[in-house]
Structure formats: C-alpha cells, structure tokens
Amino acid sequence: MKAEEIISSGILETYALGLATAEETAQVNAWMQQYPEVKAELDAIELSMQQYAFENAVVPASSVKEKIMNQIAGEPQKSKAPVKPISALWKYVAAASVILLFGSIYFNWSYYNKLKESETALAQSRTNLETANSKINAMNDDMAVVKNKYSRTVSLDGLEAAPDAAAKIFWMKNSGEVYVDASNLPTAPHGMQYQLWGIVDGKPVDGGMLVTSNSGSQYHIQKMKSFGKAEAFAITLEKEGGNPTPQGKMYVMGKL
Amino acid sequence: MQEIKKYSEDELVAALNMQDESAFAFLYDNYSGALNGIIMRMVDDKQLAEDILQETFVKIWNNFKQYNQDKGRLFTWMVNITRNLTIDTLRSKGYKKQQKISQDEYAVTNYKESSGATNIDSIGISKQLTLLKPEFKKLIDLAYYFGYTQEEISKQLNMPLGTVKTRMRSAIIELRKMMT
Numbered sequence: 001m002k003a004e005e006i007i008s009s010g011i012l013e014t015y016a017l018g019l020a021t022a023e024e025t026a027q028v029n030a031w032m033q034q035y036p037e038v039k040a041e042l043d044a045i046e047l048s049m050q051q052y053a054f055e056n057a058v059v060p061a062s063s064v065k066e067k068i069m070n071q072i073a074g075e076p077q078k079s080k081a082p083v084k085p086i087s088a089l090w091k092y093v094a095a096a097s098v099i100l101l102f103g104s105i106y107f108n109w110s111y112y113n114k115l116k117e118s119e120t121a122l123a124q125s126r127t128n129l130e131t132a133n134s135k136i137n138a139m140n141d142d143m144a145v146v147k148n149k150y151s152r153t154v155s156l157d158g159l160e161a162a163p164d165a166a167a168k169i170f171w172m173k174n175s176g177e178v179y180v181d182a183s184n185l186p187t188a189p190h191g192m193q194y195q196l197w198g199i200v201d202g203k204p205v206d207g208g209m210l211v212t213s214n215s216g217s218q219y220h221i222q223k224m225k226s227f228g229k230a231e232a233f234a235i236t237l238e239k240e241g242g243n244p245t246p247q248g249k250m251y252v253m254g255k256l
Numbered sequence: 257m258q259e260i261k262k263y264s265e266d267e268l269v270a271a272l273n274m275q276d277e278s279a280f281a282f283l284y285d286n287y288s289g290a291l292n293g294i295i296m297r298m299v300d301d302k303q304l305a306e307d308i309l310q311e312t313f314v315k316i317w318n319n320f321k322q323y324n325q326d327k328g329r330l331f332t333w334m335v336n337i338t339r340n341l342t343i344d345t346l347r348s349k350g351y352k353k354q355q356k357i358s359q360d361e362y363a364v365t366n367y368k369e370s371s372g373a374t375n376i377d378s379i380g381i382s383k384q385l386t387l388l389k390p391e392f393k394k395l396i397d398l399a400y401y402f403g404y405t406q407e408e409i410s411k412q413l414n415m416p417l418g419t420v421k422t423r424m425r426s427a428i429i430e431l432r433k434m435m436t
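Those sequence lines, one after another, are chains V and U.
When we follow the working numbering, the leftmost residue of the first sequence carries the number 1, and every step to the right adds one.
When we follow the working numbering, the leftmost residue of the second sequence carries the number 257, and every step to the right adds one.
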C-alpha cells in the first residue's frame, strides 16, 4: 500500500481513536516505520484529538494530585521476599504430608484393584443368575403342562429297538395340544431325528420333529402339533427333518 | 492550551522512564484536566471520576515503560489507559453495556441543547468547536470518549460499518481544520 492510500483509508483515525484491532495496530506500526508521511499524518490526527480533549477538560479537585503523588512516592520498589528458614515443626509436617500422600496413593491403588475384582465377580454372578432364571422358567413351563387340569398323560413304552426307552405325551383334552417329554429317549445319532406320530383312524399322521440335537432341549417338555383325536402316539427315528410317512424304526408307542 | 514549556515531550518521556517524580507532577498538571474531562463524559459521579483519575495516573506511573514513542503520542497512550480503566470500572460496578448505551443515547441527543451548552459556557470552549457538525461530533465522542468499537457505533446509529469508517475520517478531517 502506498502512503497516500493508507492515509485516505481511514485506518489511522481508527488507530488514533483506540479502535484498531491487534492486527491493524501491528500494520499501522509497521507502516509508520516505513513511511515518514504516515507517521506525520498520524501525529497530526492524534494532535487534533488531543486538542479536542483539552477543549473539553474538567479540572479535578486539587486533592487528587496530592493523593496520587503520595501513592507513587509511597510505593516501595519491588523487593525480593527474604528466604526464611523453615522451622523444624514444618519440616515434620511436610514429611508427614508426603508420607500421607504416598499412603493415600497406595490405598487408592489397592482399592481400585479390589473394586475391579468385585466388578468381575458381580458380572459372573449376574450371568449365573440369568442361567438359573432361564432354567426355572423352562421348568415352570414344564410344570404348567403337567399341572394343567385338562392334561391327559399317555405313557409311551420302549419297543424292540430300545426296550429301556420311554416318553410321555401330555394331550390337552380341551384344545388338542400335544406336549412330549422326551427326556428318556436315547440320544439321536448324528443326522437323525425323532419324529412324533399320532395314529388317527389307523394311519400315522405327522406330529412334528423332536428337538434333541441342542444340548438340554430334549430334557424339556416340547410342544408338538395338535391332534383333535388320536388312538395312539408313537415316536420313530427318522432322517433329519422327518418323513411324510414313518420309514425308520419305532422306539416308543402308547395307546390313548 | 497553556502548557508551561518546562519539558518537551521527548524530555518528559525520558524523565518519566527514569521515574522522575517532578516530571510526573508536571505530567499531572498538564494532562489531568483533559483526562478527567474524558472520564467525566462517561461517569456522572464526580467523586468516582476522580477515583478513576487517580487510578489512571498511578497506572501511568507504574506502566510507563510500556509506552513506546514510535507508536504514537504520549497523550493518545494515556487516553487509552484512561478509557479502558473507566470502562472496566463501570463494568465492575454493574453497569451493563446496554444500559450504558441507552444512557449515552440520551446524553448524545441532549448533548447540544443542555449539558453541551452549559459545558461550553463554563469551560469556555472555542466557538469554532460548536461549528463541528453534530453527526461528526457524535461519532468522535462515541469512539473517543465512550470507547465504542466501530461495530458498536454502527449498531448504535443504525449506520453501515463502511459509512461509520468514512464518516469517522471526515469528522476528524473537519476537526483538524478547526483546531489549526
């Protein structure tokens, strides 16, 4: 920027009025170094402002000068604070506070660890509780079936393929719902599944697949397809997913 | 201005840098009225104004090393200290800026008729100064005496910032013509 441009831009007035930003101030200061005519212009502006202020002067009370002169005369030169020896008591206090600090750090650390342990134990207990709760819920479901007043029990006894096998059917007289307790069936071989059949009018009708692959599931009473009527129930071992008509060996059977 | 030419400005600055108390007394005698006038524009309370004036001069004495002649006139530096201390004091006393503005507005609009007129009579301001256009006078006073930023003036007078800047310059040019 040329000196004339700076002068006509109005920035010098801004500066003289104390309104310039830090950036503008730095800029004006740099220009003043560079251009004597900028410095002269600023000086003229400031002088006119100064004269303006003098025209509006209000003489203060004479006591003010006295107070100020006393205050500046009375102000001692900044002196360095003398180094005072620390008394023995304070040394002990300082040492004690350091010991307390370290003790506190140790306790904080040890309590923090204990807290972490407790949190882990708590999380483990929660998991156990959830497992137990789900077991209880499953048992309650089982009990509800057994205790149902419409429930009619059919014992299915072991046949040739597995003489020790047994199963129980709970047939709800009112709704025709069928539940099976398959907990006394031998574990189904891999790739095979037990299938329930209802014998209706002398013919086997698909009653659904029994879940035995998931560990634990077979020990619960499972809901099967409903039968309005049936003469007997039987369970055969079929390929996974079952067959439309029984192909495999019959394990248990019982008449209604 | 009836300065007793005891010190030139350069000599005065040099002496004050040496913490010369008689130079400081000279500074006070010459500038206290003008600085007090600035404070009195912002503060109604005469006693409070004199407290601020006292604080201002003590600050000038203590911080004199910060004044740099290359950056402007001594008086301009002192005005900045005065204005900032006054504004800080008003703020610490709970004057909200908004309140101050509305009061100022009142003061500015009544400037010519009442307070301004009596001031002129009592202090004996040169007749020329009263010839300064009122809108220019308002601009200079808001900035110089009340420490308003140009943005604040722009809002206060409902005038675009660019206009504030150019008018400010015109105002000072006119002021300069009158002062010489």
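Each hint should be verified, as a subset may be incorrect.
Facing chain V, from chain U, some residues (calculated, C-beta under 8 Å) [unchecked claim]:
#1 G289
#2 M296
#3 D300
Worth flagging that the hints you see were computed from the coordinates, not collected in a lab.
All values reported here derive from a predicted model rather than from experimental measurement.
Ideal Cβ positions, reconstructed from N, Cα and C, are used throughout, including at glycine.
Interface hint status, M296 (chain U) versus chain V (Cβ within 8 Å): Given a least distance of 5 Å, the restraint on M296 (chain U) holds.
Identify whether the interface hint at D300 (chain U) stands, where standing means a beta carbon of chain V within less than 8 Å of its own. violated, 12 Å
Does G289 (chain U) pass the interface check with chain V, least Cβ-Cβ distance below 8 Å? holds, 3 Å
When held up to the earlier numbered hints, the structure conflicts with hint 3 and nothing else.
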